[in-house]
Amino acid sequence: MKIRNFVRSITAIVIILACNENANADSIELPIKVCTTLSSYADIAKTIGGDRVEASSVASPRFNPHFIEARPSDVLKIKRADLFIHSGLDLEAWRGPLLDAVAKSEFREGGAKQIDLSEGIALLEVPSGQVSRAEGDIHMFGNPHYWPDPRNGIIIAKHIAAKLIEIDPAGAAEYTKNLNSFMDALNAKIQSWSEALKPYAGKEVIGYHNEWPYLMAFAKLSMTQFVEPKPGIPPGPQHLAELETFIKAKSVKVLIQASYFPKEAGDYLHDKTGITVLSLCQNVGELPECGNYIAMIDYDLNQIVKAFKS
Amino acid sequence: MKQIFYCAAIACAVATPVCGWCENQNDIAELKKSIAELSGIVKSLQTTVKAQQVELSSLKKENQALAVAQTKVVTERPSATTLASGTSPKKGTYLPEIGMVADIVGTSSQSSEDSEGNDRFSARDVELVIGHDVDPYSRLDATITFSDQESASLEEAYASFWDLPLDSKLRFGLIKPKIGIDAAIHRDSLDTVDEPLVITTYLGKEGMNKTGFDLTAFTPLATDWFTQQLTLGFLDGGGGDDGQLFGTNERYPTLYGKLKNSIDFSDESNADIGLTWLNGNSTDDSQRNVNTLVVDATFSQHISPTSKFKLQNEAYINQESSTWGYYSLADYRLGERWALGTRWDWVQPIDPIANSVKDYDQELSGYLTFFQSEFARWRFEYQHDWRQDDTHDNVLFLQGTFAIGTHKHALQ
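Protein sequence lines correspond, in order, to chains A and B.
My numbering puts the first residue of the first sequence at 32, with every later residue one more than the last.
My numbering puts the first residue of the second sequence at 101, with every later residue one more than the last.
So here's chain A without its partners, still in its complex pose (with noise of 0.2 Å):
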């Protein structure tokens, strides 16, 4: 009786200590910290998530994301985080530094509680001989600045809905409910911009550095020209010289810049030819009027439009 007894109790133990570990595993407590590198994907998976998620983000709008001094307190965000999201690729060289002073594996790539954006994206600009510095500051896996096409947005959107699924099942409804709500007013927006848009198909653009291409390729506009000669190089007067002279010869309209890159080269070229600049958004934040991922693109693309139409 006592060895039956015996192995009841450990079996018992055993089965208690099981359920409680799966228990553990399955519920986590609320609400879910998720720490993203920019703002867009942080607004984005807070929209999804609702008031089961915190979210926060380590670059600052108003900063351009190649160049961000992470802190201390960034460290320790992601340290806390239940949940790191990133661009993946090499838009944020500061992303290795930063992780390797987190020292946590599983924030690092391949690691469980982490989500790389760019996986089911299709990558534009990807470069298909050697990749050299001679070129800029090119990206070797392909344009890196893929959020701003709202199209891309809904796959970010399902990437995150997958995760947070996944690290708390027991949110799984209201998060379904969320995605489907983000994804319906996005495709109606998207609707109305491609038709806004439409007269303007073809159209020639210029913009300060190449981080538009997912956007132009949503807008069906042309960008060919930056004001930066190449990527990562400030202009010029030789280079703002040809482009005064690409801006008359083409009448190209518009030119767009993030509100982070020096005003002075537009100015020049405006002064010169009558270019009317804009100042839109890479990130959710940077400017007042693009408070939360669709206002955003919406900000961006009617500045397009009534700059065409004016």
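You may find that some hints are simply not true.
[Said to hold, decoys possible] BS3-like mimics (lysine-lysine), calculated; alpha carbons at most 30 Å apart, straight line:
1) A:K261 to B:K408
2) A:K303 to A:K261
3) A:K279 to A:K251
4) A:K284 to A:K337
5) A:K110 to B:K276
6) B:K150 to A:K144
7) A:K261 to A:K279
8) A:K294 to B:K408
9) A:K135 to B:K276
10) B:K276 to A:K208
11) A:K337 to A:K281
12) A:K261 to A:K220
13) B:K132 to B:K143
14) A:K340 to A:K303
15) A:K284 to A:K303
16) A:K251 to A:K229
17) A:K135 to A:K110
18) A:K279 to A:K220
19) A:K281 to A:K251
20) A:K340 to A:K220
21) A:K294 to B:K410
22) A:K234 to A:K251
23) A:K110 to B:K408
24) B:K132 to A:K135
25) B:K132 to A:K110
Read the hints as simulated data drawn from the structure, not as lab findings.
Place chain B on chain A using the hints.
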């Protein structure tokens, strides 16, 4: 009757232990049955989990397919600029990350002293930086320095370990200890051409690289706007080249501890205040007579997305010799391409030179930096020195710093 009674008595005597044995046998049989039942339940649960995993994987694939399909339905993506539509980027290989930073410096000095690098151009430091993950728990980084002034040397070679208790990080190997601010970073990250005088005087010409280990962790006091990191290190004894703080004996280890406090005032401004304590030996016996406190304070304020002002100060206070030294640096990044700044150095040497008329050295430097790109930088610096023997010197520096390959940080 008597016979029947005896027979019954014998039968009972024989049967009693047999019955006991039978009961045990029954218990064991029941136990075996229970174990078999439990095994069955476990197997059935395993099968269910496997089936669910298969279903989950299939749902995930379906979900991804739907995502792609839906994206295509919304609007057709133009393909003219799409070079590799839908392909995943080529993710890393087993090759380590390799980078090189060349620091070429031209120096012109009024002094007649024919010291290294005086009145000449030299490839002062050419750093070969190699690093890669060793396994899921650690990473190896090494920096090998070549120079036309000195023979090649190993500047750093250490493994970093993560997933440690208390969320700490361990570095083990030849490291630049986290003493103050500028002694902990590489030359290419300095705001000036040369290291502050207090560092070259106390720690050594290029600071101090020592073999040992250090462990860094955040303290529980951290909040959203305030963080506190504690570093504890154990290093080989001795100092850097020509450093006066420690002796040459490497046998008696140097201990150090650093408390770094960081305050975020806003996205645009922050401050760091650090306290480093160093304990080691300047003699050949084990007196552990060196006790030095390093206090550092930095304030940074972004004026615009591309311009920034920084005020940085460090003071070294040595208890043994009752000497101290400090520097103050103000750096203003004007925009994408230009930065200018100034540094004031004041140091009481631990070992004063012969014929000294005062017990301190001073330097005043002013510099202008031009950022050619993220990976190339030019710097022009003027420095005026006042030495203990009452001599003066005017020095001009022209520095070009160039980085190729993979590097942990751009020169910006």
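Hints versus structure:
With a CA separation close to 24 Å, the supplied pair K261 (chain A) and K408 (chain B) stays within the 30 Å bound. At most 30 Å may separate the alpha-carbon atoms for a hinted pair to count; K303 (chain A) and K261 (chain A) meet this at roughly 22 Å. For the hint linking K279 (chain A) to K251 (chain A), the alpha-carbon distance of about 22 Å falls within 30 Å, and the restraint holds. Between K284 (chain A) and K337 (chain A) the alpha-carbon distance is near 11 Å, which keeps this suggested pair within the 30 Å criterion.
A hinted pair counts as satisfied when its Cα atoms are at most 30 Å apart, and K110 (chain A) with K276 (chain B) qualifies at roughly 24 Å. As the CA atoms of K150 (chain B) and K144 (chain A) are separated by approximately 23 Å, the hinted pair is consistent with the 30 Å bound. Of the supplied pair hints, the one linking K261 (chain A) and K279 (chain A) holds, its CA atoms being roughly 21 Å apart against a limit of 30 Å. Using a Cα cut-off of 30 Å, the hinted pair K294 (chain A) and K408 (chain B) holds, with the two alpha carbons roughly 17 Å apart.
Of the pairs offered as hints, the one joining K135 (chain A) and K276 (chain B) holds, with about 22 Å between alpha carbons and a cut-off of 30 Å not exceeded. For the proposed pair K276 (chain B) and K208 (chain A), the alpha carbon gap of about 52 Å is over 30 Å, so the pair is violated. For a cut-off of 30 Å, the pair hint linking K337 (chain A) to K281 (chain A) stands: about 19 Å separates their Cα positions. For a cut-off of 30 Å, the pair hint linking K261 (chain A) to K220 (chain A) is broken: about 33 Å separates their Cα positions.
At most 30 Å may separate the alpha-carbon atoms for a hinted pair to count; K132 (chain B) and K143 (chain B) meet this at roughly 16 Å. Taking the CA atoms of K340 (chain A) and K303 (chain A), the gap is about 21 Å. The hint holds against a cut of 30 Å. For the proposed pair K284 (chain A) and K303 (chain A), the alpha carbon gap of about 12 Å is at most 30 Å, so the pair holds. For the proposed pair K251 (chain A) and K229 (chain A), the alpha carbon gap of about 8 Å is at most 30 Å, so the pair holds.
At most 30 Å may separate the alpha-carbon atoms for a hinted pair to count; K135 (chain A) and K110 (chain A) meet this at roughly 7 Å. Of the pairs offered as hints, the one joining K279 (chain A) and K220 (chain A) is violated, with about 34 Å between alpha carbons and a cut-off of 30 Å exceeded. The straight-line distance between the Cα atoms of K281 (chain A) and K251 (chain A) is roughly 17 Å, inside the 30 Å bound, and the hint therefore holds. Annotation: proposed proximity of K340 (chain A) to K220 (chain A) holds, straight-line Cα distance about 20 Å (limit 30 Å).
Proximity of K294 (chain A) to K410 (chain B) is assessed by CA-CA distance (about 23 Å); at most 30 Å being required, the pair is judged to hold. A threshold of 30 Å between alpha carbons decides the hint, and for K234 (chain A) with K251 (chain A) the separation of about 8 Å falls inside it, so the pair holds. Between the alpha carbons of K110 (chain A) and K408 (chain B) the distance comes to roughly 28 Å, so the proposed pair stays at or under 30 Å and holds. Between K132 (chain B) and K135 (chain A), the direct Cα distance comes to roughly 45 Å. Violation of the 30 Å bound is thereby established for this hinted pair.
Note on K132 (chain B) and K110 (chain A): the hinted pairing is violated, with a Cα-Cα distance of about 49 Å set against a maximum of 30 Å.
Hint violations for this structure: numbers 10, 12, 18, 24, 25, all remaining hints satisfied.
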